[in-house]
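Enquirer: If you want the building blocks of each chain, they are given just below.
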Amino acid sequence: MSDVAASNTTKDKRMRFDIKTAGPAIALILLCIIGFLLNPAFLSEGNLTNLLTRSAFIGIIAVGATFVITAGGIDLSVGSMAAAIAGVMIIIMNSAMETLGPGMATVLLGGGCSILLGLGAGWINGVLTTKGKIEAFIVTLGTMGIYRSLVTYFADGGTLSLDFAIRGTYRPVYYGSILGLPAPVWVFIAVSICGWFLMNRTAFGRYCTAIGSNESVAKYSAIKVDRIKTMTYVIQGLCVSLATIIYVPRLGSASASTGVMWELEAIAAVIIGGTVLKGGYGRIGGTILGALILTTIGNILNFTDLISNYLNGTMQGLIIIIAVWLQRGDWGKAKATKS
Amino acid sequence: MKNLKTLSALALTTALALTAGAVSAETLKIGVSYPTPTHAWAAGMNWHAEQAEKRLEALYPDIDLILINSPDPNAQASALEDLVSVHQIDALVVLPFESEPLTDPVLNVKKSGALITVVDRGLSQPGIEDIYVAGNNPELGRVSAVYMKGRLESGDNIVVLRGIPTIIDNERFDAFMAEIEGSGINVLDHKHANWNRDDGFEVMQDFLSRFPDIDAVWAQDDDIAIGVVAALKQAGRDGDGMFVVGGAGMKETIKSIMDGDTLIPVDVLYPPSMIATAMDVTVAAFKSNGPVAGRYILGATLITPENAASFYFPDSPF
Numbered sequence: 001m002s003d004v005a006a007s008n009t010t011k012d013k014r015m016r017f018d019i020k021t022a023g024p025a026i027a028l029i030l031l032c033i034i035g036f037l038l039n040p041a042f043l044s045e046g047n048l049t050n051l052l053t054r055s056a057f058i059g060i061i062a063v064g065a066t067f068v069i070t071a072g073g074i075d076l077s078v079g080s081m082a083a084a085i086a087g088v089m090i091i092i093m094n095s096a097m098e099t100l101g102p103g104m105a106t107v108l109l110g111g112g113c114s115i116l117l118g119l120g121a122g123w124i125n126g127v128l129t130t131k132g133k134i135e136a137f138i139v140t141l142g143t144m145g146i147y148r149s150l151v152t153y154f155a156d157g158g159t160l161s162l163d164f165a166i167r168g169t170y171r172p173v174y175y176g177s178i179l180g181l182p183a184p185v186w187v188f189i190a191v192s193i194c195g196w197f198l199m200n201r202t203a204f205g206r207y208c209t210a211i212g213s214n215e216s217v218a219k220y221s222a223i224k225v226d227r228i229k230t231m232t233y234v235i236q237g238l239c240v241s242l243a244t245i246i247y248v249p250r251l252g253s254a255s256a257s258t259g260v261m262w263e264l265e266a267i268a269a270v271i272i273g274g275t276v277l278k279g280g281y282g283r284i285g286g287t288i289l290g291a292l293i294l295t296t297i298g299n300i301l302n303f304t305d306l307i308s309n310y311l312n313g314t315m316q317g318l319i320i321i322i323a324v325w326l327q328r329g330d331w332g333k334a335k336a337t338k339s
Numbered sequence: 001m002k003n004l005k006t007l008s009a010l011a012l013t014t015a016l017a018l019t020a021g022a023v024s025a026e027t028l029k030i031g032v033s034y035p036t037p038t039h040a041w042a043a044g045m046n047w048h049a050e051q052a053e054k055r056l057e058a059l060y061p062d063i064d065l066i067l068i069n070s071p072d073p074n075a076q077a078s079a080l081e082d083l084v085s086v087h088q089i090d091a092l093v094v095l096p097f098e099s100e101p102l103t104d105p106v107l108n109v110k111k112s113g114a115l116i117t118v119v120d121r122g123l124s125q126p127g128i129e130d131i132y133v134a135g136n137n138p139e140l141g142r143v144s145a146v147y148m149k150g151r152l153e154s155g156d157n158i159v160v161l162r163g164i165p166t167i168i169d170n171e172r173f174d175a176f177m178a179e180i181e182g183s184g185i186n187v188l189d190h191k192h193a194n195w196n197r198d199d200g201f202e203v204m205q206d207f208l209s210r211f212p213d214i215d216a217v218w219a220q221d222d223d224i225a226i227g228v229v230a231a232l233k234q235a236g237r238d239g240d241g242m243f244v245v246g247g248a249g250m251k252e253t254i255k256s257i258m259d260g261d262t263l264i265p266v267d268v269l270y271p272p273s274m275i276a277t278a279m280d281v282t283v284a285a286f287k288s289n290g291p292v293a294g295r296y297i298l299g300a301t302l303i304t305p306e307n308a309a310s311f312y313f314p315d316s317p318f
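So the sequences go chain by chain: G and U.
Per my numbering, residue 1 is the first one in the first sequence, and the count goes up by one each step.
Per my numbering, residue 1 is the first one in the second sequence, and the count goes up by one each step.
In short, the hints are calculated from the structure, not lab data.
Check each hint, because a few of them may be wrong.
[To be verified] Result set (DMTMM-like, lysine to aspartate or glutamate): computed pairs, CA atoms no more than 25 Å apart in a straight line:
(1) U/K251 with G/D163
(2) U/K255 with U/E306
(3) U/K255 with G/D156
(4) U/K149 with U/E306
(5) U/K255 with G/E98
(6) G/K224 with G/E135
(7) U/K233 with G/E45
(8) U/K191 with U/D213
(9) U/K54 with G/D156
(10) U/K233 with U/D213
(11) U/K54 with U/E26
(12) U/K29 with U/D72
(13) U/K233 with G/D163
(14) G/K133 with G/E215
(15) U/K149 with G/D305
(16) U/K54 with U/D64
(17) U/K255 with G/D163
(18) U/K251 with U/D238
(19) U/K110 with U/D130
(20) U/K255 with U/D315
(21) U/K191 with G/E45
(22) U/K111 with U/D62
(23) U/K29 with U/E53
(24) U/K251 with G/E98
(25) U/K149 with U/D189
(26) U/K111 with U/D64
(27) G/K219 with G/E135
(28) U/K111 with U/E26
(29) U/K251 with G/D156
(30) U/K191 with G/D305
(31) U/K191 with U/D238
(32) U/K251 with U/D261
(33) U/K29 with U/D130
(34) U/K287 with U/E26
Taking the hints into account, I'd like the entire structure generated from these sequences.
Expert: As structure tokens, this is what we get:
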């Protein structure tokens with residue numbers, strides 16, 4: 001009797017879990033079917049490559065955001081951070097041109113500086129949140145404004161452009177492809193695998209989840225809460241710098257309008273993917289699907305003139321809400337109890 | 001007794017007012033107020049305003065131009081109050097942040113007796129400004145369409161990348177479509193690319209996947225055009241006489257037109273330097289023997305390799 005009951009509950013649990021896990025994937029498949037029905041060219045190789053490449057920016061940033069959000073934090077500064085890092089990278093590479101020439105050395109210097117800046121900016125966010133005891137929302141709202149105005153200042157209100165000679169060397173980082181897949185997609189895959197491993201197979205990932213579920217309990221369990229939380233922001237900063245490294249060669253420029261709204265897109269990707277906004281539960285795989293869903297929506301809207309341009313935001317909003325609704329508790333529970 | 005007091009007070013104020021008038025007759029103070037530059041076009045405007053200030057002050061030692069930029073409509077309203085109370089300006093050149101919230105503040109400046117010049121964005125109440133200087137958005141769309149009609153034949157296909165959904169974008173787009181109508185050129189679709197390079201790149205990528213045959217692109221704006229060109233080059237569809245028409249007059253675009261680029265062969269002017277025109281006209285109101293009050297609508301000049309040099313300012317940020 002009790003055995004039957006026990007097996008029933010595990011079955012229920014598994015079913016509910018399956019629906020939750022599959023939510024983003026179902027949404028993405030539905031979107032692809034809609035896209036294909038609207039225009040068969042949607043599934044053309046060129047468009048799929050564009051889609052994956054485009055998802056790489058938000059996707060890589062969102063992998064970092066998954067850690068921050070899982071540990072109960074939030075980072076609103078990523079879009080501005082990307083713009084500021086892109087701006088500084090361009091300035092550094094342009095001025096290194098004279099001494100190092102337009103070769104690999106200059107590009108590597110730019111990339112290296114980008115990573116250092118990303119780690120540093122993430123560390124500042126982390127330390128202000130943990131040691132400074134300021135809410136993450138406020139800290140990153142502040143740094144969001146600071147980084148955004150810094151790039152405006154560096155660009156003198158205009159646009160910073162990378163020297164054309166360097167662009168030639170740097171171009172393959174965005175436009176080049178290995179084994180048929182564009183380079184940014186490979187970076188996205190690498191970041192995703194590392195992120196998944198870190199989240200699911202290491203003590204660090206479990207600490208993030210523990211802190212997000214209950215910070216006080218985590219503290220009493222001898223987890224170094226401040227250090228782990230700061231680390232999540234540093235990882236976020238690293239992800240932003242990687243995204244920036246593959247972003248800069250695309251158009252070779254940075255301005256005040258670079259990376260606008262990326263923070264919200266990254267957070268949306270994380271939540272669509274099944275991570276809980278208040279922390280305690282994070283899914284890297286879901287985040288990747290979430291990023292793909294967001295890019296696919298924009299792509300589909302460009303593929304049809306059925307919907308007024310002015311309603312693009314409405315469609316995006318609806319799909320984000322539906323995608324999250326697909327995987328939240330009640331919907332899954334109702335089904336599970338019926339069976 | 002009481003009357004005497006009032007009288008003497010009156011006399012005192014009149015005397016003060018007279019001396020104040022005498023001082024301001026010596027140096028003409030002209031306030032110039034515009035939004036803080038946060039994008040390239042506005043940064044160009046800031047640069048041209050500073051250039052005009054240097055030039056005009058060198059030309060007329062008795063003219064003092066006071067440049068103030070403000071980050072939002074409220075700050076601009078306060079800046080206008082300061083220009084009147086602190087600087088006691090004789091004239092105001094203003095590019096309003098938004099029409100509605102700045103109509104009253106500008107009206108107050110007018111009540112102080114100053115000459116009013118409004119630039120680009122009109123106020124929501126007519127008759128306040130003495131001088132109005134603006135670019136011509138419908139004309140920008142029309143000139144672009146006329147160029148397209150000259151290059152393309154009936155049955156050719158174009159796509160349109162629009163700006164941020166605003167009245168400016170609508171004016172440009174509607175005039176463009178009206179001019180294209182009846183020419184037999186097909187506008188395959190139009191999408192908003194928000195006057196932004198990244199959006200221009202992505203929207204154009206999608207247009208290229210969606211439409212196998214595109215003969216030309218109207219990008220409406222130089223920033224969008226840069227994204228469009230990157231997408232065309234990536235897809236290898238930048239040959240076969242394909243061309244892109246932008247707009248505004250960004251220095252990089254004008255430079256490449258001077259160098260004979262075929263992908264962006266022309267540009268349509270919507271110049272940030274209009275602030276300098278407005279400052280010139282305002283100064284002329286005090287210095288010229290001819291009348292200057294009125295409305296100045298600048299042409300949306302087609303920039304070609306022949307005339308590009310006169311619109312090229314290498315030191316401007318835009």
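Enquirer: Confirm or reject each hint.
Expert: Against the structure, the hints come out as follows:
Taken as a hint, the U/K251 and G/D163 pair is honoured in the structure, with Cα atoms around 15 Å apart against an allowance of 25 Å. The suggested pairing of U/K255 with U/E306 holds, with an alpha-carbon distance near 12 Å, which does not exceed 25 Å. For the given pair, U/K255 sits about 20 Å from G/D156 by alpha-carbon distance, which is consistent with the 25 Å threshold. Only pairs whose Cα atoms come within 25 Å are accepted, and U/K149 paired with U/E306 is accepted, the gap being roughly 20 Å.
Restraint check for U/K255 and G/E98: satisfied, since their Cα atoms lie roughly 23 Å apart, inside the 25 Å limit. For the hint pairing G/K224 with G/E135, the CA-to-CA distance comes to about 18 Å; that is within 25 Å, so the pair holds. A hinted pair counts as satisfied when its Cα atoms are at most 25 Å apart, and U/K233 with G/E45 qualifies at roughly 17 Å. With a C-alpha separation of about 17 Å, the suggested pair U/K191 and U/D213 falls inside the 25 Å cut-off, and the hint holds.
A hinted pair counts as satisfied when its Cα atoms are at most 25 Å apart, and U/K54 with G/D156 qualifies at roughly 19 Å. With a C-alpha separation of about 15 Å, the suggested pairing of U/K233 with U/D213 holds against the 25 Å cut-off. At roughly 19 Å between alpha-carbon atoms, U/K54 and U/E26 fall within 25 Å of each other, so this suggested pair holds. A C-alpha spacing of about 24 Å is found between U/K29 and U/D72, which places the hinted pair at or below 25 Å, so the restraint holds.
Taking the CA atoms of U/K233 and G/D163, the gap is about 18 Å. The hint holds against a cut of 25 Å. For the suggested pair G/K133 and G/E215, the alpha carbons sit about 14 Å apart, so the restraint of at most 25 Å is met. Among the hinted pairs, U/K149 with G/D305 is consistent with the structure: their alpha-carbon atoms are about 24 Å apart, no more than 25 Å. A threshold of 25 Å between alpha carbons decides the hint, and for U/K54 with U/D64 the separation of about 10 Å falls inside it, so the pair holds.
With a C-alpha separation of about 15 Å, the suggested pair U/K255 and G/D163 falls inside the 25 Å cut-off, and the hint holds. A hinted pair counts as satisfied when its Cα atoms are at most 25 Å apart, and U/K251 with U/D238 qualifies at roughly 22 Å. The hinted pair formed by U/K110 and U/D130 meets the criterion: a straight-line CA distance of about 9 Å does not exceed 25 Å. With a C-alpha separation of about 12 Å, the suggested pair U/K255 and U/D315 falls inside the 25 Å cut-off, and the hint holds.
Under the criterion of a C-alpha separation no larger than 25 Å, the hint pairing U/K191 with G/E45 is consistent with the structure, at around 23 Å. Straight-line distance between C-alpha atoms of U/K111 and U/D62 comes to about 24 Å, which keeps the hinted pair within the 25 Å bound. Straight-line distance between C-alpha atoms of U/K29 and U/E53 comes to about 12 Å, which keeps the hinted pair within the 25 Å bound. A distance of roughly 24 Å separates the Cα atoms of U/K251 and G/E98; the hinted pair therefore holds under the 25 Å criterion.
In summary, the hint linking U/K149 to U/D189 is supported, as the alpha carbons are separated by about 17 Å, within the 25 Å threshold. As the CA atoms of U/K111 and U/D64 are separated by approximately 21 Å, the hinted pair is consistent with the 25 Å bound. Distance check on the hinted pair: G/K219 and G/E135 sit about 18 Å apart at the alpha-carbon level, within 25 Å; holds. Our distance criterion of 25 Å between C-alpha atoms is met by U/K111 and U/E26, whose separation comes to about 22 Å.
Of the pairs offered as hints, the one joining U/K251 and G/D156 holds, with about 15 Å between alpha carbons and a cut-off of 25 Å not exceeded. For the hint linking U/K191 to G/D305, the alpha-carbon distance of about 9 Å falls within 25 Å, and the restraint holds. Taken as a hint, the U/K191 and U/D238 pair is honoured in the structure, with Cα atoms around 20 Å apart against an allowance of 25 Å. A threshold of 25 Å between alpha carbons decides the hint, and for U/K251 with U/D261 the separation of about 14 Å falls inside it, so the pair holds.
Proximity of U/K29 to U/D130 is assessed by CA-CA distance (about 17 Å); at most 25 Å being required, the pair is judged to hold. Taking the CA atoms of U/K287 and U/E26, the gap is near 13 Å; set against the 25 Å cutoff, the hint holds.
Going through the hint list in order, the structure satisfies each hint without exception.
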